[in-house]
Amino acid sequence: MSFFHDLAEYSFLRTAFVGGILVASLSGLVSPIVVFRRMEFIGDGTAHAVFAGLAAATLIGADHRLIAFATALLFAFAVSLFSRSRISESSAIGILLPFFMAVGVVLFSVSGRYQTDVMGYLFGDVLLVNSTDVAITAVVLALSVILTVVFRWDIKYFIVDEKMARFYGIKTDLIRFLITSFIAITVVTTVKVVGVILTGALLILPGLVSKIFGKSFWSLTTISVIFSTGVFFAGFLTAYNLDLPPGPVIVIIAFVSFLPMLKFS
Amino acid sequence: MKIVEVKNLTYRINDFEILKNVTFSVEEGEFVGIIGPNGAGKTTLVRILVGEIKNYEGKVEVRGKIGYLPQLHQVQREFPITVKEFAAMGMYGRYRKIDWGKVRSTLKDVGILHKENDPIKNLSGGEFQRLSLARALLSDPDILVLDEPEAGVDEMGKASFYELLNRLRKEKNITVIMVSHDIGMVFKECSTIMCLNRTLHCHGPTETINPEDLKRIFTDFDIWIRGTRHYEIYHGRERD
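Just so you know, the sequences run in chain order A and Y.
Residue 89 in UniProt numbering sits at position 89 of the first sequence, and the numbers go up by one each step.
Residue 27 in UniProt numbering sits at position 27 of the second sequence, and the numbers go up by one each step.
Just to be clear, a hint being listed does not mean it is correct.
[Said to hold, decoys possible] Residues of chain A clear of chain Y, computed beta-carbon distances all greater than 10 Å: (1) Ala57; (2) Leu66; (3) Val103; (4) Val145; (5) Leu174; (6) Thr229; (7) Phe233.
[Stated by the list, open to error] Under the rule of at most 25 Å between Cα atoms (straight-line distance), these lysine-lysine pairs were calculated in the DSS-like manner: (8) Y/Lys102 / A/Lys171; (9) Y/Lys121 / A/Lys163; (10) Y/Lys115 / A/Lys163; (11) Y/Lys115 / A/Lys211; (12) Y/Lys172 / Y/Lys97; (13) A/Lys215 / Y/Lys108; (14) A/Lys163 / Y/Lys65; (15) A/Lys163 / Y/Lys102; (16) Y/Lys108 / Y/Lys97; (17) Y/Lys108 / Y/Lys172; (18) Y/Lys97 / A/Lys171; (19) Y/Lys54 / A/Lys171; (20) A/Lys211 / Y/Lys121; (21) Y/Lys172 / Y/Lys2; (22) A/Lys163 / A/Lys211; (23) Y/Lys170 / Y/Lys102.
For the record, the hints were derived by calculation from the structure and aren't laboratory data.
Just so we're clear, the structure is a prediction, and the values are computed from it rather than from any experiment.
C-beta atoms are modelled at their ideal positions from N, C-alpha and C, and glycine is treated no differently.
In isolation and in its complexed conformation, chain A is listed as follows (with noise of 0.2 Å):
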């Protein structure tokens, strides 16, 4: 068991499963809402919308998590202003994405570090994981937990029913500005683990197991969270031993994983 002896041995790689079991759970709690809510595109286009904001940090020496987050809401700010014209949700992610992208890139090769930092960003590396975004991915994922657990009726009627939520008096724009952030700060943590484009996948299938097996919310939330933290772990595992990326093979694991739960649905 040359893993769990080199995970007590040296502290990078403690830091970096540490950081990517707190994350997959982040990812485990959001990702009910997203699949349910029907916000999976709005998922994956505020990851790859967060590569412009990873770009611009690196250009100007700035802190990636918080122009990458910053990016993360512009984006969603973005789609909510397009779609109130006669632009559909989809067709306005369907726009925005590719030019986040285009600037992200044009971005990183201005900054001369385009063959450095893009593959990471890209497809993730969980090597890069530091101790304070563990700290700062642990106080999230706590602050997730409690406003969940306060806002659990208001999250269940926003899910459900969001028209006649807003009529009987609950705060769905509230709601829906918590949620949306909440995507947008598990998007930037995701990202040094998976990478912009396998992002994703953390996002969304952790919530469709957890629309197979679930008969309430908690039981969503804790179905996903296990699915989520068990694929990567199983991943980082594998990864380690075989020698290969770590995101792309969490990425694998998890959608391997969940074919078999289909026959289910």
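Fit chain Y to the supplied structure of chain A, relying on the hints for placement.
For chain Y alone, kept in the frame of chain A given last:
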């Protein structure tokens, strides 16, 4: 006491008048049926009454809390929420707390207590309408506004839903305003009828409504025939 008062209500989208100079009032305890052809502005009027549309001209005063059953709209019925949890939305939204005893007694009132722990996806169209009614009742309404509650419900389900609605409104002293395409049922159940086709064509107690008034606003002859046939059945009048 007038619980709803509407004066010179006009609503336009661009230059097109959806509602034109509509004036009426509803007395406490009335059961008002709003009928009219497609595109008459019935749902628009409902949306103004419940506060969903605000940029209208004229005066609209509603003196009481509204419970609302909207037209069929997107409900995420695959989401694993139980019947009693769904019903509690009306109470939670208004008071930020849930009294499960009251939720159960309301589910009993509408006849679906035996399904309280079932997921909502297991309900039929008729049962889901009863659940929506329970949700509205749990918000302690003075006025119930229903927009085509018969949509997606079979004939048996419709009859028992209206019977239930009439019983509950009397027991709980609730004023009901209902839009319906089922003219026969409106004549049978409602105490007052409003015929709307962008303007108000007729309005008054059910027994005073003349089928000729309906003929004037229903350009679709089949609907008119259906309406007058039911009219004859429930009032024993002869058609020309």
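Results of checking the hints against the structure:
At roughly 37 Å from the closest C-beta of chain Y, the C-beta of A/Ala57 stays outside 10 Å, upholding its exclusion from the interface. The claim that A/Leu66 is not at the interface with chain Y holds, since no C-beta of that chain comes within 10 Å of its own (minimum 34 Å). For A/Val103, the requirement that its beta carbon stay farther than 10 Å from each beta carbon of chain Y is met, with the minimum near 34 Å. Consistency note on A/Val145: stated as away from chain Y, and its beta-carbon is indeed over 10 Å from all of that chain's, at 20 Å minimum.
Its beta-carbon lying about 13 Å from the closest one in chain Y, A/Leu174 satisfies the requirement of being farther than 10 Å from that chain. Residue-level check passed: A/Thr229 sits 21 Å from the nearest beta carbon of chain Y, beyond 10 Å. The beta carbon of A/Phe233 is kept farther than 10 Å from every beta carbon of chain Y, the shortest such distance being approximately 26 Å. Restraint check: the Cα-Cα separation between Y/Lys102 and A/Lys171 comes to about 24 Å, which is no more than 25 Å; the hinted pair holds.
Under the criterion of a C-alpha separation no larger than 25 Å, the hint pairing Y/Lys121 with A/Lys163 is consistent with the structure, at around 18 Å. Distance check on the hinted pair: Y/Lys115 and A/Lys163 sit about 24 Å apart at the alpha-carbon level, within 25 Å; holds. Annotation: proposed proximity of Y/Lys115 to A/Lys211 holds, straight-line Cα distance about 21 Å (limit 25 Å). As the CA atoms of Y/Lys172 and Y/Lys97 are separated by approximately 22 Å, the hinted pair is consistent with the 25 Å bound.
Taking the CA atoms of A/Lys215 and Y/Lys108, the gap is about 24 Å. The hint holds against a cut of 25 Å. Restraint check for A/Lys163 and Y/Lys65: the C-alpha separation of about 18 Å stays at or below 25 Å, so the hint holds. For the given pair, A/Lys163 sits about 24 Å from Y/Lys102 by alpha-carbon distance, which is consistent with the 25 Å threshold. Only pairs whose Cα atoms come within 25 Å are accepted, and Y/Lys108 paired with Y/Lys97 is accepted, the gap being roughly 20 Å.
A C-alpha spacing of about 14 Å is found between Y/Lys108 and Y/Lys172, which places the hinted pair at or below 25 Å, so the restraint holds. With a C-alpha separation of about 15 Å, the suggested pairing of Y/Lys97 with A/Lys171 holds against the 25 Å cut-off. For the hint linking Y/Lys54 to A/Lys171, the alpha-carbon distance of about 18 Å falls within 25 Å, and the restraint holds. Restraint check: the Cα-Cα separation between A/Lys211 and Y/Lys121 comes to about 13 Å, which is no more than 25 Å; the hinted pair holds.
Only pairs whose Cα atoms come within 25 Å are accepted, and Y/Lys172 paired with Y/Lys2 is accepted, the gap being roughly 18 Å. Of the pairs offered as hints, the one joining A/Lys163 and A/Lys211 holds, with about 22 Å between alpha carbons and a cut-off of 25 Å not exceeded. Taking the CA atoms of Y/Lys170 and Y/Lys102, the gap is about 19 Å. The hint holds against a cut of 25 Å.
In the structure shown, no violation is registered for any of the earlier numbered hints.
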